[in-house]
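Asks: As a plain string of letters, each chain reads:
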Amino acid sequence: SQQGEEDPQALSIQEGENATMNCSYKTSINNLQWYRQNSGRGLVHLILIRSNEREKHSGRLRVTLDTSKKSSSLLITASRAADTASYFCATDPPRGGGNKLTFGTGTQLKVEL
Amino acid sequence: GAVVSQHPSRVICKSGTSVKIECRSLDFQATTMFWYRQFPKQSLMLMATSNEGSKATYEQGVEKDKFLINHASLTLSTLTVTSAHPEDSSFYICSASPISGGQPYNEQFFGPGTRLTVL
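Quick mapping for you: the protein sequence lines, in order, are chains Y and P.
Under the numbering used here, the very last position in the first sequence is 113; numbers go up by exactly one each time.
Under the numbering used here, the very last position in the second sequence is 1119; numbers go up by exactly one each time.
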């Protein structure tokens, strides 16, 4: 399987704390994206980082990418109860390889009041 | 923003029946749509790539005769689960990729998903 791995599988924190999720993938990529999924719902796109970028910020989100280690991390700062969801990374192949996304196994985040 | 809808949102059917799921891009045209399946507490697994005006491309291990895909227009793709069985019960999600307009990448927009339960 080409599916990426994410860790931890589950994470439980208190509101206000930071949450860090990691993603590792297996093949060369063009972009890496992070998505959020609330229980039983569709996916919400959070942020995209290109293969030639190392770090990107969007609001309370910070994403890093290390292509030499084939890994990425998503940091959510000052977490809120509304951040409770599953988070997935997804990669697409280098240009010319099509537009198929390969999703990681996901991290279930629970933010408690 | 780009919106993708799916219909129905949930369906319960008897074993042996066929179920059709629609995926529509509401405010953009999509030459390519993707169908994913997601089992409880698991990740999304790509089933097939739906191409407007041509045959779908199925991922390894996905039976094309069981999961029929039709991409009849630039805004609609359908997935038909034929002769459904309880093991087909899952959450089916589609995504649509807008026609490239010089963008460096083709972003995918996801539908809200369809919960299929086969009794």
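It is worth saying that the hints were derived from the structure and are not from the lab.
Here the structure is a predicted model, which is why all the values come from computation and not from measurement.
Please note that the accuracy of each hint is not assured.
To be verified - DSS-like cross-link-like pairs, simulated, lysine-lysine; straight-line CA separation at most 25 Å:
(1) 56(Y) - 70(Y)
(2) 1055(P) - 1014(P)
(3) 56(Y) - 110(Y)
(4) 1066(P) - 1014(P)
(5) 1014(P) - 56(Y)
(6) 1020(P) - 56(Y)
(7) 69(Y) - 100(Y)
(8) 26(Y) - 70(Y)
(9) 1014(P) - 100(Y)
(10) 1055(P) - 1066(P)
(11) 1055(P) - 26(Y)
(12) 1064(P) - 110(Y)
(13) 1020(P) - 1064(P)
(14) 100(Y) - 70(Y)
(15) 1055(P) - 100(Y)
(16) 26(Y) - 56(Y)
(17) 1064(P) - 1014(P)
(18) 70(Y) - 1014(P)
(19) 110(Y) - 100(Y)
(20) 100(Y) - 56(Y)
(21) 1066(P) - 1041(P)
Unchecked claim - Computed from the model, here is a short list of chain Y residues facing chain P with C-beta under 7 Å:
(22) 10
(23) 42
(24) 99
(25) 100
(26) 105
Every residue, glycine too, gets a C-beta built ideally from N, C-alpha and C.
Asks: Mind listing which of the numbered hints don't hold for this structure, in increasing order?
Replies: Result: hints 2, 5, 6, 9, 11, 12, 18, 19 and 22 break, sorted rising.
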